[in-house]
Structures are given as C-alpha cells and as structure tokens.
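Enquirer: Add chains B, C and D to chain A, keeping to what the hints say.
Number of protein chains: 4
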Amino acid sequence: MSMSEPAPASTTGDTVAADEGMHAHHGYIADKTAYLKRLKRIEGQARGLQNMVDDEKYCIDILTQISAMTSALESVALGLLNDHLNHCVVEAVAEGGPVAEQKLKEATDAIARLVRS
Amino acid sequence: MSMSEPAPASTTGDTVAADEGMHAHHGYIADKTAYLKRLKRIEGQARGLQNMVDDEKYCIDILTQISAMTSALESVALGLLNDHLNHCVVEAVAEGGPVAEQKLKEATDAIARLVRS
Amino acid sequence: MSMSEPAPASTTGDTVAADEGMHAHHGYIADKTAYLKRLKRIEGQARGLQNMVDDEKYCIDILTQISAMTSALESVALGLLNDHLNHCVVEAVAEGGPVAEQKLKEATDAIARLVRS
Amino acid sequence: MSMSEPAPASTTGDTVAADEGMHAHHGYIADKTAYLKRLKRIEGQARGLQNMVDDEKYCIDILTQISAMTSALESVALGLLNDHLNHCVVEAVAEGGPVAEQKLKEATDAIARLVRS
Numbered sequence: 025m026s027m028s029e030p031a032p033a034s035t036t037g038d039t040v041a042a043d044e045g046m047h048a049h050h051g052y053i054a055d056k057t058a059y060l061k062r063l064k065r066i067e068g069q070a071r072g073l074q075n076m077v078d079d080e081k082y083c084i085d086i087l088t089q090i091s092a093m094t095s096a097l098e099s100v101a102l103g104l105l106n107d108h109l110n111h112c113v114v115e116a117v118a119e120g121g122p123v124a125e126q127k128l129k130e131a132t133d134a135i136a137r138l139v140r141s
Numbered sequence: 025m026s027m028s029e030p031a032p033a034s035t036t037g038d039t040v041a042a043d044e045g046m047h048a049h050h051g052y053i054a055d056k057t058a059y060l061k062r063l064k065r066i067e068g069q070a071r072g073l074q075n076m077v078d079d080e081k082y083c084i085d086i087l088t089q090i091s092a093m094t095s096a097l098e099s100v101a102l103g104l105l106n107d108h109l110n111h112c113v114v115e116a117v118a119e120g121g122p123v124a125e126q127k128l129k130e131a132t133d134a135i136a137r138l139v140r141s
Numbered sequence: 025m026s027m028s029e030p031a032p033a034s035t036t037g038d039t040v041a042a043d044e045g046m047h048a049h050h051g052y053i054a055d056k057t058a059y060l061k062r063l064k065r066i067e068g069q070a071r072g073l074q075n076m077v078d079d080e081k082y083c084i085d086i087l088t089q090i091s092a093m094t095s096a097l098e099s100v101a102l103g104l105l106n107d108h109l110n111h112c113v114v115e116a117v118a119e120g121g122p123v124a125e126q127k128l129k130e131a132t133d134a135i136a137r138l139v140r141s
Numbered sequence: 025m026s027m028s029e030p031a032p033a034s035t036t037g038d039t040v041a042a043d044e045g046m047h048a049h050h051g052y053i054a055d056k057t058a059y060l061k062r063l064k065r066i067e068g069q070a071r072g073l074q075n076m077v078d079d080e081k082y083c084i085d086i087l088t089q090i091s092a093m094t095s096a097l098e099s100v101a102l103g104l105l106n107d108h109l110n111h112c113v114v115e116a117v118a119e120g121g122p123v124a125e126q127k128l129k130e131a132t133d134a135i136a137r138l139v140r141s
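Protein chains in written order, with the numbering used here: chain A, 25 to 141; chain B, 25 to 141; chain C, 25 to 141; chain D, 25 to 141.
Nothing false has been slipped in among the hints.
Note that identical chains are pooled: a pair holds if it fits in a single copy or bridges any two copies.
Lysine to any residue pairs mimicking SDA-like chemistry, simulated, CA-CA at most 20 Å apart:
| # | residue 1 | residue 2 |
| --- | --- | --- |
| 1 | K64 | S91 |
| 2 | K61 | K81 |
| 3 | K56 | L102 |
| 4 | K61 | D107 |
| 5 | K64 | L102 |
| 6 | K81 | L128 |
| 7 | K129 | H111 |
| 8 | K56 | H111 |
| 9 | K129 | D85 |
| 10 | K56 | D85 |
| 11 | K81 | H111 |
| 12 | K129 | L102 |
| 13 | K129 | N110 |
| 14 | K64 | G103 |
| 15 | K64 | Q89 |
| 16 | K64 | A54 |
| 17 | K129 | V139 |
| 18 | K64 | A96 |
| 19 | K129 | I84 |
| 20 | K81 | E115 |
| 21 | K129 | G103 |
| 22 | K56 | G103 |
| 23 | K56 | S99 |
| 24 | K61 | R71 |
No lab work stands behind these hints: they were computed from the structure. No experiment lies behind these values; they were computed from the predicted model shown.
Chain A extracted, bound-state conformation:
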C-alpha cells in the first residue's frame, strides 16, 4: 500500500479502534501480494524439509536448504522493516511526541532481535 492510498486510518489519533473492526489493518505493507508469494514459497520450503528428513536425505543438503530458508525469511523481515520505517515510523515522527519515541524504541528492539536471531 502506498502512502497516497486511502487512509490507513491513522495509526495515532485515536478513534481508530472504533471503526477498525477485527482486522485493524496497519496499511504499511508496500506490496502485500509479493510478500504473500514469498511466504508461500517459504512454507513450501518447510514442507520440503519435512520430506527431506522423512526420506533421510543427506544432512548437508538439508542444512543447505535450511540456510536458504533462513535467508529468505531474513529478506522478508528486512523488507517489512523497511516498509514499517517508511510508513509507521515516519508518520509517528511527523507527529512527534512520545508515540514517535515509542515507535523508534519498538523498531530498534525488533532490529536487535533480527540481528541476534
């Protein structure tokens, strides 16, 4: 979703809750279809790993698959983080105040988890 798209019902405000209903879309994801496709492929890799283990394929080949899957996951995470910084964080910073600080703290905590995982 691009920033010019109809309102992702401001992350702030906040009468948002009332009309957001059960899904509370945050609207920060640049290209949802592309992410879903990548995650679908990752799900397929997880299934493929089960077959490899079940068939007792050569361990090194399984490890290679796991490394590929981990890289694919990291790449999705970095893309989402980029979208998040460009959307939610930019918006919060523009408004300023404690929300901005909190968003930045959240983001750096998430980055720390990614770096360490």
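Expert: Leaving out everything else, chains B, C and D in the frame of chain A:
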C-alpha cells in the same frame, strides 16, 4: 538411528529405496519423529505469517514471529549438524583417507553457511 | 550529545573541524564516553585473542572469546543505530523530502548488513 | 594431536617443541602467523572504530566498519573451527570412547554459539 537399522517406510510412497543400495538412507538422524514435529510447527509458523501479512497485522509483531521462526530453524539445523558430526563424520574419520577429509570440508562449509545466513 | 553542544575536541589532533562547516560532527551519539569505553574493551579482546592464538590455547576457548567479542560489537552497533534513528533520521524525516527517504534507505541497508554479517 | 605429542613444528617450521610443556600448546592451528596477522588487523579495526566515534563520523560509516569487523571475526572463527575439527576432533574420534563424544559435544556447542552470536 544407525545405518544398520531397517529403513523407514517412505511416506512419499516412492520406491526409491529398492534400488538405492546400502546408502539409500543416511540414517544419521537421531530422532526423526521429533524433527518432523518441529518442522511441522515451522511450516505452521510460515502459514501463520501469511495470515498476519494478509490481515496486515502490526509489523513489529510479524517481525517477532519471523525472529522466532528463524531461531526454530537454526535450532533444527544445529541438531541435524550434531547428528551428522556424530554419525557420518565419525564414521568417515574412522575409515580415514580422503573421504574423511571431504566430509569434514563439507561440514565446515555447511557451518559457514549457517553462521553467515 | 546534541547537535547544539560545543564540538568535542578531537583526540586525533587533526584540524578537520575548522573547514568541515556545520556538519563537522554528526552529534548523534548519545554517550560517546560509554561507546569509547566499550570499544576499548573490544580492542583489548582482540589483543587477548592474539595472545590465545600465540599460546595455542584450546580452540574452543578461543571460539568462545570470539563469540563474546562479536556480541559486544553487535551491541555497540545496535546502540549506535538507535542513536542514529533517534537523531539523524528523526531530523531528516522532520525536514521531509528526498533527504528523509535517503536516510531511511541508508539505515535499512545498514540494518541488512548487520543482520547478514 | 594430543598434548603429549611431539610439537607440530610442521606447518610453521619452528622449534616450539622444547618449551611446550608449560604452555600446553594444542598445536591444532594450521597457520598461526596468518591468524595473528588477521587478528592484528581486527585489533586495528577496533582502534579505528574508536577514532571514528571520537570524531563523530557518520553513523552509517561506523556501522559499515562494524559489519566488516564482525565478518572478519567470524571468518577467523570458522578457520579455527575447521582446524579444530580436522585436528583435535579427528584425533579424539580415532581414539574413540567418551573423549570423542565430549569433543564433538564441545564443538557443536561452540558452533551453536557462533551461529547465534
């Protein structure tokens, strides 16, 4: 599982085992059922991520899930590597010669990929 | 240190400040003394590693030291990144325009390098 | 190579053997001079980082340096691990018994720390 154990029935229904000879199954996996269960859970996490993206859940929560999934994958990889070292590599070393060297080279290359992925 | 603070005297004795104009010091570092102390300790660890290798200490102990040092470095990086996001990026976002975009792009690229290194 | 073995002298051509007693050299390091050179460079990078922080260089440039240093450290760790597997672990496995198991356990624990750090 040692190499002399009976080959596990393949759940993929193929008949590869019949002509694969003595190396059909590598038999190094200590507890196949446990690995399959963990990988099944990882597959479920991949599906959960798709739902989160589809519902545009809060980015930070998605990133937290990805970190958890990456850690779970790494943990599986480390377990398999341990089984591999204790089984295939130990066996190859016992036999000695170029096969042992090749197995160790393969293992350290796989470790490098894990460390860097 | 905020940007309005007087520029710290350079310990390297160079006279760069004089001609660097207003951007001489980026001034985003929250607690320079603390970072310098941590980096000094990391330098000491690097020297300690040389002694361990020179004395041919047990490999596993050397690897443990390297892991500790890598974690210490990552921790410094995450701290600096946090300072950077809270200072330079927030400032650029407040100004808006292409500079903000560029700063965010730079930051996410740096995060990607950290995650993958 | 066990501690009671004659000196490795081999790779470095030195005559370390004579005083090995007190330092318990493990002699598994394939090319000590090369490792020392790499660690010296890493120590220099740690010093360079202090200068960068002291001069308040641009944060992104500091982060790039830290990523490079982390990669260099990981590379040293992977080299040492390789030497260790090819030397100490192979030897322990050849002897068999509980020592072999313990060495492999130690090695996989060290690998886990590297993957997670």
